[in-house]
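Place chain D on chain G using the hints.
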Amino acid sequence: MVLPASVMARLAWRNLWRNYRRTLIMLLAITVGVWAMIFMTALLRGMVDDMVNQGIGALPGHVQVHALAYRDDPSINHSLPAPQKALLDVLNSDQVSAWSSRVKVPTMISSEYENRGVVLLGVDPEGELALGFDASDIIEGRFLSGPDDRGIVIGRKLMQRLETRLGKRVVVMSQSPANTIADRGFRIVGVFRAELEGREEGIVYAGRDVVQAMLGVATSVSEIAVLGHDYRSPEVLASSVRRVVATDVDVSSWRELDPYLSSMTWVMDGFVLVWMVVIFLTLSFGLVNTLMMAVFERVREIGLMRALGMRPAAIVYEVLVESMILLTLGLLAGDLLAISTLIPLEEGIDVSKLSQGLEMMGASSMLYPLLQWQDLLLANTVVIGLGLVAALLPALRAAQYRPVEALRKT
Amino acid sequence: MSAVICTDLCKYYQQGDAVIKGLDHVSLEIEQGAFICLSGPSGSGKTTLLNAIGGLDSLDSGEISIDGERVDLLGKSALADLRLKRIGFVFQAYNLIPVLSALENVEFVMLVQGVSAVERKQRSYNILREVGLEGMEDRRPDQLSGGQQQRVAVARAIVSQPRLVLADEPTANLDSQSMEKLMTLFCELNRMHKITFLIASHDQRVIAWAGRSIGMEDGRVIRDEVQQVC
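If you read the protein sequences in the order shown, they are chains G and D.
According to this note's numbering, the residues represented by the first sequence are 1 to 410, in order.
According to this note's numbering, the residues represented by the second sequence are 1 to 230, in order.
Derived from the structure by calculation, the hints contain no laboratory data.
A few of these clues could be false.
Stated by the list, open to error - Each computed BS3-like pair below joins lysine-lysine, with the alpha-carbon atoms no more than 25 Å apart:
#1 Lys-409(G) / Lys-194(D)
#2 Lys-121(D) / Lys-76(D)
#3 Lys-168(G) / Lys-157(G)
#4 Lys-121(D) / Lys-409(G)
#5 Lys-181(D) / Lys-194(D)
What the hints assert, rightly or not - Far from chain G by the CB rule (all over 10 Å, computed), these chain D residues:
#6 Val-112
#7 Gln-113
#8 Gly-135
#9 Arg-139
#10 Ser-145
#11 Ser-176
#12 Gln-177
#13 His-202
#14 Gly-211
#15 Gly-215
No residue lacks a Cβ here, since even glycine has one placed at the ideal position from N, Cα and C.
Looking at chain G on its own, in the form it has when it is part of the complex (with noise of 0.2 Å):
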């Protein structure tokens, strides 16, 4: 016989505030520790999510088509026909939030001063605009103003290296598909500021018309870049496009072009998980001492609930009530707090001091914490979970208790 759950939640309720100091101290314990699991996970989490938001505004998008050899020799030989009707039609689905199609060489630059190697991306500004670049990165002059237009857009570490400003010509040379030298001048119309510097220095916007007719590849791409609306899954977009495209035509998720970047995720989410287990061990430690003690304490009340008939089973429940209601009393507090600590900080954590650090890895200088809901059920469920285990050294112990035995102590 076992009783009910209301009368076992009273009994350990009454049992809890008997040393209320030690169940107290117990407490903060837990609250602090769920605090730092949740809060900890946030700040990575905001770190782990713009490093990929990062990662992926630089290729950009989701999803990207190329022809099948272009990853590995991204010439402009390895080009794709511009979108027919059946991609066209995924492209302008609901999946999709933002597509544009790019011409996107290798080539060199060259100012009256110096000369790079760089990124040349062919673009429709507006499709650019749509996938995620940023119109207040240009720091000077504009932004394109369409496929057809003649300027080129640079970033401002490269306008350094190269020693020329807003306005001045720059040449931009690369191979046609005959494999002949194909060159152009272009009108610095515009520089964008990147958080990463090596975006800013090895990427140049140019029309796509412009560049298709400068390399004579018609409409041909090198590659369509497909935003859909959540990053953790891109897979179902991509397999949305594999189905409409040819068998030579490569299409890939970002998690594939960019494996580093992926593992990060994979890497970020087990460490979250080794985190929480961490910290929560040591919180066990206190967890199970303070109901020893409490077990300890009640040795001979023990007895007499077996003597009056209570089995040993009832008894493991009756201690384990009295952790669950513990452990979620500082679950519910330790929630709050961290809510109410990462709730100021959305607007995000200048870390510039760390920047150059935190830039090898692809983070930018401003740390946006991010709370998901699963990290917050994930830290949860760790500490109910464990701490029932932990609980239950404690409850077997006071239910191997023989009652003629713990009646005689005092």
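Then chain D, alone, in the frame of chain G:
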């Protein structure tokens, strides 16, 4: 019909090199509705016998039957059920649950038995009134005197109408007035509800209340007499 039959009970304790005889070949029969006092000096085996009958302690040898059921063969959970349904305990030190009120302490056994809330409350209020604790239902043990706590313990022992009440030195911590009241209560319950009482005590005033007096010494029954009293 005999409520309790003990046959050749033996229980020994090792204390250093010496073997202490807790129970030394004890055999006795207790009729349903009997009011019996176990007497004898400290260490004579009274408590050991009560614990063995109540299934709180194991035996080295011998058999105990309660209403025909072999207690010495039952497992932990079955023993718990036996104590829950058929036996009421009254201890020397009251042994109330400190975080529960008088009413909740009395209710406790019925809660474990799964008695409905309405019936539980009604029976608990009635029994507390019967033991003279009306109006003290919400007091916690530390707000009651020793005599009042012992009455709560008695109320708890009998509220579920067990067949057998085992009381171990129930008057040891009580003054003579409280002792008189408690023994009167035991006698009334014995008469009204036909509950079998087995009381361990070395207090001659308590022994005088019993209809049958069993004397113990060194773990053995040395005297078993019927008395005209209660």
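Query raised in the report: Quick check: which numbered hints come out false for this structure?
Result: 1, 2, 4, 6, 7
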